[in-house]
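Undergrad: With these hints in hand, go ahead and build the complete structure from the sequences.
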Amino acid sequence: MSNLIQVESPLHHAQLDQLIGQSQSGGIIFHEAALFGHLNLRGNADDDAFLTGVQEVLDVALPTTACSSAKSESAQIMWLAPDEWLIVVASGSEYDVEEKLRATLKGHFAVSDISGAQTLIELSGMNVIDLMKKSTGYDLHLDSFPIGKVVGTTFAKAGAHILRLSEDKFQLVIRRSFSDYVWLWIQQSSKEYGLSIV
Amino acid sequence: MSQINRIAASSKRINRTRTLNFTFNGKEYQGFEGDTVASALLANGVDVIGRSFKYSRPRGIITSDSQEPNAIFQIGSSQSSTIPNPRATQTDLYNGLTASSTNGWPNVDFDLMSTVGKLGGSMMPPGFYYKTFMFPQSLWMSYEHLIRKGAGLGASPTLSDPDSYDKMHQHCDVMIVGGGPAGLAAALSAAKTGARVIISDEQNEFGGSLLCSKQEINGDLPSLWVEKVMTQLTKMDNVLLLPRSTVFGYYDHNLLGINERRTDHLGENQQQCSRQRVHKVRAKQVILATGAHERPLVYGNNDVPGCMLATAISTYINRYDVVPGNELVLMTTNDNAYKAAIDWHQAGRKVVTIVDTRSASNGELVKRAKSLGIDIIFGHAVIEVSGKKRVKGVDIAPINAVNHSVIGAVKHLSCDTVASSGGWSPVVHLSSHTGSRPIWKEEVAGFVPGETVQKQHSCGGLEGIYALSKVLSDGFTTGALAAQAAGKGEGVFEGSLPLTNDPQEDESMALFHVPHSKKTSRAPKQFVDYQNDVTAAGIELANREGFESIEHVKRYTALGFGTDQGKLGNINGMAITAKSLGKTIAETGTTIFRPMYTPTTFGALAGADVKQLFDPARFSAMHKWHLENGAEFEDVGQWKRPWYFPRPVETMQESLERECLAVRNDVGILDASTLGKIDIQGKDAREFLNRVYTNPWSKLAVGKCRYGVMCKEDGMVFDDGVTACINDNRFLMTTTTGGAAGVLQWLELWHQTEWPELEVYFSTVTDHWSTMTVTGPKARKVLEKVCDIDVSNDNFKYMDWIEAKVAGVKARIFRISFTGELSFEINVQANYGLHTWKAVMAAGEEFNITPYGTETMHILRAEKGFIIVGQDTDGSVTPQDLDMNWVVGKNKEFSFLGKRSWGRDDNQRDDRKQMVGLKPKDPTFVLPEGAQIVFDKDQPIPMTMVGHVTSSYYSASMGYSFALAVVKGGINRKGQSVFLPLSNGTTVEAEICSPIFYDPKGARQNV
Amino acid sequence: MLHIYCPYCEEMREEEEFNPAGQAHIERPLQPEELSDEQWARYLFFRKNPRGLHHEMWVHAHGCRKYFNITRNTVTYQIMETYKMGLQPNITASKEG
Amino acid sequence: MQQYSGFGLLKHSLSYHENWQRVWSNPIPKKHYDVVIIGGGGHGLATAYYLAKEHGITNIAVVEKGYLGGGNTARNTTIIRSNYLWDEASHLYEHSLKLWEGLAQELNYNLMFSQRGVLNLGHSLQDMRDIERRVNSNRLNGIDGEVLTTAQVQEMVPILDCSKNARYPVMGASWQARAGTARHDAVAWGFARAAEALGVDLLQQTEVTGIRRKDGAVAGVETNRGFISAGKVGCVAAGNSSVIAKMVGMELPLESHPLQAMVSEPLKPILDTVVMSNHVHGYVSQSDKGDLVIGAGIDGYLGYGQRGSFNVVEDTIAAIIEMFPMFSRVRLNRAWGGIVDTCPDACPIISKTHVKGLYFNCGWGTGGFKATPGSGNIFAHTIAHDQPHPLAKPFSVDRFTSGELIDEHGAAGVAH
Ligand SMILES: Cc1cc2nc3c(=O)[nH]c(=O)nc-3n(C[C@H](O)[C@H](O)[C@H](O)COP(=O)(O)OP(=O)(O)OC[C@H]3O[C@@H](n4cnc5c(N)ncnc54)[C@H](O)[C@@H]3O)c2cc1C
Ligand SMILES: NC(=O)c1ccc[n+]([C@@H]2O[C@H](COP(=O)([O-])OP(=O)(O)OC[C@H]3O[C@@H](n4cnc5c(N)ncnc54)[C@H](O)[C@@H]3O)[C@@H](O)[C@H]2O)c1
Ligand SMILES: Cc1cc2nc3c(=O)[nH]c(=O)nc-3n(C[C@H](O)[C@H](O)[C@H](O)COP(=O)(O)O)c2cc1C
Ligand SMILES: [Zn+2]
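Residue numbers (numbering that gives the first Met the number 0), protein chains in the order written: chain H, 0 to 197; chain V, 0 to 1006; chain W, 0 to 96; chain S, 0 to 415.
One or more hints might be untrue.
Unchecked claim - In silico DSS-like links for lysine-lysine, alpha-carbon gap of 30 Å or less: (1) V/K967 with S/K64; (2) S/K64 with V/K578; (3) V/K366 with V/K349.
Quick caveat, the hints were computed from the structure, so don't treat them as lab data. As the structure is a computational prediction, the values presented were derived from the model and not from experiment.
TA: Here it is as C-alpha cells:
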C-alpha cells in the first residue's frame, strides 16, 4: 500500500488542472479555490465572551451584521445567519482552529469541520455579471451587493453562499455533491462569453 | 417588379439594398431587410394567407401587430427548427425564410374543407358539439377522432430543438413596458434622476405608434425624435434597453417576465448564443406604457382578405413602404383613422371614399382629407363586403347606431380594400395579470387599468390619453414620479417638453357592431373574433340561450380563446353582449386577461434547466470510481447511487447474487456517503433527541451508536437512522438519503419555533463525510490491514464507534450493520473519500472484496427484516405496525413527537396492517413488489385486500425467495397462508412468517 | 412570485429562497396526553385558512435557515409585515378594519 | 327540456338558430328552499341534479357567487381516472367513472368524455413499486389497469422521451384505458341545464355571506341578495370552504392553495393520451382544439387569488420538455390558477357537521373534477337521508379525530 495520501477536491473529476490556460480570452474566468479548511461555527452573537473568544482565536472580530464578512491573515469569516458563520482557513489548519475554538469558547456554541463538504469557486472576468445574472436572483448592483458582502441564496438550482471579492469577482461556496452540477451550469452559461480556467 | 405593392422609398426602416428571398406555401418571393413576413407578403400582393378554423373561409392579413388573428404560420425549414404559429406581423423577414399556412387543405387557395365549412357552417353555431354526437357513447371516440383531425393550427416540431435558451434576473428602480412616445418619455425622465431603468418593447425597434406616424415633433418627423431619445438612453449606463422583448407576464410583487428574442430575426441555426432569453425583472416601480389597440368594426363578411385595420394601413405605408391594395374604402367612427386614408392617398393610390359613421365632423384631419379631394360620406357604414378571396366591393348604407338599424338605401361601391376603425382599446392586459380588474372609462370608451396593490403606474395611450403632446407630457411626468417613488429624484421632470401640434379632433362615436339590413342572425357573417370564427350572431345566440355572464359567452363561443387572446375582438364582443342583454359595457365587464401577453416559447420558459441541468444530479466523492467500474446507477432523490456493479455478460440477477454471496461469505463494500448526517451539539442535544425520536437517548454512552425512528406528529414513521454519541454534548445523527434535507429542517423547525430554550445547534455534515460500509465475515481482516488501531471485537464492539486512521486518513468508524454481517462503516473527510475507498479495495482484494450497490444492500437488509422508510412504509405506518415496539420509549418524560397520536381509536385497532415476512409456497418464485394480499382467494371481485408486498427478493445465500409485506393483523397470523392474485391471472400462496429471515439471533454481526 | 423580507438577513429575497411552513402561532400543547382526541386533531389538522389576512411561517431555506412569520393577504398576496419567531403580529384582521 | 340532437341542429339551422331555448333562467330567489347548495361548480350542480332526480327533492337553489362552473370547474386539466390507491378512494372514483360513462346521454349534453387513457409514468424503482401496488389494488377492486414497461410506453406515446440519458429516465407506467378527459364547461352546463329542467333554481351572482342557525340547526343563508331560508344547506364551495365554515365558527382540516394550469397554442394532433408524471412533476394532454393542456403543482402558500407564482410555471414547462423535448419550440398561450382546498390526506371530506342540516363536501383539492358526478351523487344521498352514503362514510371529517386517514399521498403524490 502506498503511503501517499491522495486528496481530491469536489471538482477533482473535472480535471481543471488540465484546462488551466487553455483559453485565454474568456469573458468568464473560473478558479476553484480547492482544499481549504472550512469550519461551521454556531454561537450567540449577543454573548460578549463568545465574540471575544472567537476574535482571540481568529484575530478578527466576528462579523455580526447580517450578510457581512471579515478577513484576517489566516481566516476568512462569512456571516451565514445571526448565529452561524463559515470560517475558511488554510488547508490542514482547520483541526487546530477547531481545537483552539473549543478550548477558548465557553457556554453554548458549536463548531463543525465541514472541509470535505464544500468547495470555493471564484468567478471573475468581463462578463461575470452576466453569468451571475443568469444564475442567481440576488441583485448584483454594487448598491445592493457591495464588496465584502456575503449572501446565502440560490445559484441555478443549487444553494450557495456568494461573497463579493471585488467589483467583478465573486466567491461561491458550493456543496460538494452539487459541485458537478454547478460546474456543468457554469460551462453552459458561459458558452457565449468564453470560459478561461485559472 | 414582383413587389407590386411596394411604393417609392420613403421609410428608413426598409433597406432596399438587401433583398431577402423567402418562400410562402412553396412559392418564392422577395422582400427587403426591415420587412416583417406580413409586410413582405402584402408587398407581393398575396391576399389569401390561410383559412379560418371552423368555416374554412379564406383569410388575409388584418393588422400589423400583436393583434393579428389570421396570419398564423408555420415557419422554419426542418422538423427540428420549425416553429408553430408565429404571427407574420411580428416575424422579421430573413433570407431563406420558409413559411406556410397552418390551415387549408389541400392548399389555401383551393380548400376542400371550405365546402364542408359552407355546408356545415349553418349547422355549427356555438355549442354545436354539446348538442350532438351523443349517441351512442361508444361512438364518441370515433367522432372525436374525426373532429381532432381538423384541430390545431401549426404542427409541433417532431425532433428536438437545436437551440438553447437562458434566463437572466434583473433588478431596477423603474421598469417601463412599452417604448412608444409615452414609454420613451418616461424612460428618459426616470433615467435622468439616476434611477436604474429598464425599458422593453415587443417590437424590433423602439418608437411604438411613432413608427407609423407623420405627426411632427419639434418640427421633424417623429422618428427623428425617437432616434434622439434612443441616442441619449443608449449612452446612460443606468438604462437597459430591451427591444424585441415582450413582457409576457406581470406577476406579484412587481416581478415581470420578459421574453427577449435574440436570434429569431437573424434566421435559423444562429447558435452562437441562446435563441431567446427570459428576463425576470424585479422592479421597485413599474410603468406600463403599453398604448392602445385600434378596434376593428364588425360588419358583414368583414373577414374577406382586403379588410384591414386603419392603423395597419398607415403602418404598412409609412413603416414598410407597402400599400396593401389599390382602391380603399375607409369606415371610421373617429377622426384619427382619417390618417389611413390620407396616407393611402399620398402614396398615390385611390381612396374611393371615407364612410364616417358619425353624422358630421369638423376635425382637422377631416378637413385635411377634404382638402385632398377625398370623398367623405357621413352617417353611413359599410354593412357588407362582397368578394371571396379579395374584397371586390362594399355595400354602404345610412345607419342609426342607437337603435341598431339601417335607415336608408344600400349603395354598392367597388374597391379592393376596406379599412375600419372603431376607436381604441387601451392595452390593459398586463395591469390585469396580478388580479386587478380594469374599469370602463366612458370618456375614452375603453377599459383602463383599475385599482392595484402593485407599485405600478400607467401613462399614455393605456390611460386613454391619445393626443401626442399629452402622451409625451404624461410620459415625462410619470417617469419622474415613478423614479421618485423608487427613491430617486424629486418627482418632477426638469427638461423642456418636445413641441408638437395635436390636430384638433371631433368626438368619436362608440360603435361596436355595425347594423345590417337583415337581423344579425340572418345577415352575412359578422366576425368578432376571427381566429375562432366567433360572429356577432354567435354571441347573440349564446346570450339568448342563457349564457349571459361575459365569462360564459367566452367559454360558449370561444371569444378570446385564440392565440391573440382576444386583443382584436374582445371589447367588441363584450359590447355586443352588453347590448343584447340591455346592460352597459361597464356592467358586462371584461373577461380576465392573463399571461402570456403574446405566446411564449416553452424553451424560453424552461431556460437552461433542461437535459442534464433539469435537476441537479448529486454525486459522492467516489463517483468516478463507480463509473470506471461499470456501475449501473439508481436515482435516489437527486443522488446518483450505484445500483449494482455488473460484470461483463452478467445478467442483473447474476450480479446481485454474486454481490450478496460476497457479502455473506467474504466481504463487500458499499458507498453509503449519501446518507444524511447532522452534527448536533449543545448541552441539550440528548433531550432534543428524546423529543424527536421515539426511543430514549438519555443513557446512550459516549462512543456508542443507536438506531432511532422519527415520527411526525400524526404518529407515522417518517425517517430513521443511527445516531452516535460523540460526547455528552455532541451527537452525529444519520438520516435516509432522501430524507436528509427534510429531517434537518424538521429539527430546526422544532428548535426554532417550540423549544428555543434548548441549547442545541444542528449543522449538516452530509457532504463532509464519505462513508463506506465494509461488511462481511472478512471485513475485519480488510480493516486490520488499513487501520491503525485494534479493531478486534474486544476493543471495538458492535454498536461502538471509534476514531482511527484508515489508509493514513483520520476516520470515524461505526460498528453498525445493515446487512447482518460484521460491518464497519468508515467515515472520512470527503476529500479523502476516493483515496480511502481505493485503499480499502486494495486491501480487500485478497479477500474477494466486492463493491455492491443499493439493490444488493436492499436484499441483504431485507433478509434481516430491516425496513426501508418509504419502501416498506408509506406515511400510514407506525412503529407498532412495524412490530418495532422496542424502538418506542415507554418511560420518556417528554411526550415525544408522534406519541399522542398513537392513542387515537384508529391506532388501537388490532387489524392494522402490520409488517411481516412472507415465504412463497414456491421457493423459487419471487413475489412481485406491490402485489396485493388476500385471505380468501376464491372471493369475487371486488376483493377484500389485506395488505401488500413491500420488498421481495430471491436470496442467494438462503436459497429461496422471500418478501416483506404489510398484512392486516399480520403479527398474530404468523404461520397462516395468504394469497396473492397476480396481474397475469394466477394466484400464488405464501406463508406469513417473521420478517427476520437470516440469522435471527444476530450472531453474525456480533463477532 | 413573492418577494419576501427576511428579518434575519434583513433584506428582500426571492420566493425561491424560502419554503412556506404553514399557519403561524400554532403552539404545541404542553401535555398532549391530557387532550381529548378532538383537541389533538384540532392541533394536528384544523386550520384557519382565511381569505384575507393570514399569519404564516416561512423558512429561509436557501439563506439563513431561519423560520419567521409574515402577515400576508391571501387574496392580494400583499405582505403587510414580517416578524421574527416568538413575536406577535402588529397587523391583525381585527385591527385592520 | 329541449332535446338536443343532430337533427335538432339541422332544424334550427333552417330558422337561423333564432329559436333555441334558454338552458337556464335567472330566477328571483324564493323565500324558502328545502335545500340550498352553496357553490355552483360541477359538484354543486351535480348534487342539485341528483337530489332532484333521485331523491325527489326539487325545491332547491344552487347559490353561486359568480357564474356557474366558474370556480375550479373552469380551471382544471380535466383528467378523469379512477385508479386510486386506497380502497375507499378507488371505490369513490370508480363510482364516478361509471357515471361518466353514461352521463352525456343521461344529461342529453355532449360532455366530450374522451376515454383516451391515462398514463402515470414511473421514473424510479420506488415509483414502479408504487405503480405496481396501485394497479394490483385497482384490478382486485374491479378497476381496469395495467403496468406498462418502458418499451410499451414508448410504443403508445412515440414522442415521449424514453431514452436512458434523460435526467430521470422513464422506467414504466401505469395505464388506465377507461380514463381520459372531458370538456369541463360542458359538465357544469349539462348538469345545470338538467337540474333546472327538474325545477332547481340556479342563482348566479349570489354570494353567501352568512349562515343563519336556529336551535343548533341550520335556518338558511344570508346572501348579497338577502336572506334565503333553507331546510338543509350543502356547502360545495371548493377553495372557499373554510370561508363558509367560518360562518358557523367551524375550522376544517383544509388549506386553500393556488394551483395553476396552462395551455399551449393549438397544434395539429400529436398526443392521443394523457401523460402524467409525479416525479418530474408535469402532466399534459391535448384538447380537441389542439392545445396542450398542462398542469402544474400547487404553490406552497395559501392563496385565494386564482393565480400562482411564475416559478411554478417555469418548473412545469421544464418538466414537460424533460418528457417531450420536441415541444421546446411550441409556445405557451395562457396560464391561470384555481384555488384548491387540500386535505392532509389528499382525500375529500363528505360530511355532516355539528350544525344539524349543514353538510360539507370539500377537500377535493387538486383532483375533484373526475369525481364530479360521483360526488354529487353521494352527497345528494347524504343530504337527502341525513346519513352518509356508504361510499361517503370513510370520508367523514371524523377521520381526523380517529386517525383513520386515507393517505392518498402515499402512492399518488398529486391526485390530478
Ligand atoms: C389548475 C387545476 C387543475 C386541476 N386538474 C384536475 C384534473 O386534471 N382532474 C381532476 O379530477 N381535478 C382537477 N382539479 C380539481 C378540480 O378542478 C376540482 O376538484 C373540482 O372542479 C371541484 O369542483 P367543485 O364544484 O367542488 O368546485 P368549484 O368548481 O370551484 O365550485 C365551487 C363554487 O363555489 C362558489 N362559491 C364559493 N364561495 C361561495 C359563496 N360564499 N357563495 C356562493 N358561492 C360560492 C365558487 O364561486 C365556485 O363556483 C384541478 C384544479 C385546478 C385548479
Ligand atoms: N388620437 C387617437 O385616437 C390615438 C389613439 C391611439 C393611439 N394614438 C397614438 O398612440 C400613441 C400613444 O402612445 P403610447 O406610447 O401610449 O403607445 P404606443 O402604442 O405608441 O406604444 C406602446 C408600445 O408598447 C409596446 N407594448 C405593448 N405591450 C407590450 C408588452 N407586453 N411587452 C412589450 N411591449 C409592449 C408596443 O409594442 C408599442 O410599441 C400616441 O402617439 C398617440 O398619438 C392616438
Ligand atoms: C381544459 C382547458 C382548456 C383551455 N383552453 C384554453 C384555450 O385554448 N385558450 C384560452 O385562452 N384559454 C383556455 N383555457 C383557459 C381559460 O381561458 C381560463 O383561463 C380558465 O378557464 C380560468 O378562468 P379565468 O382565466 O377567467 O380566471 C382553458 C381552460 C381549461 C380548463
Ligand atoms: Zn434569512
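Undergrad: The structure should be examined with respect to each hint, and the outcome stated for every one.
TA: Going through the hints against the structure:
1. V/K967 with S/K64: With Cα atoms ~47 Å apart, V/K967 and S/K64 exceed 30 Å; violated.
2. S/K64 with V/K578: holds, 23 Å
3. V/K366 with V/K349: holds, 18 Å
Hint 1 alone, counting from the list given before, is not met by this structure.
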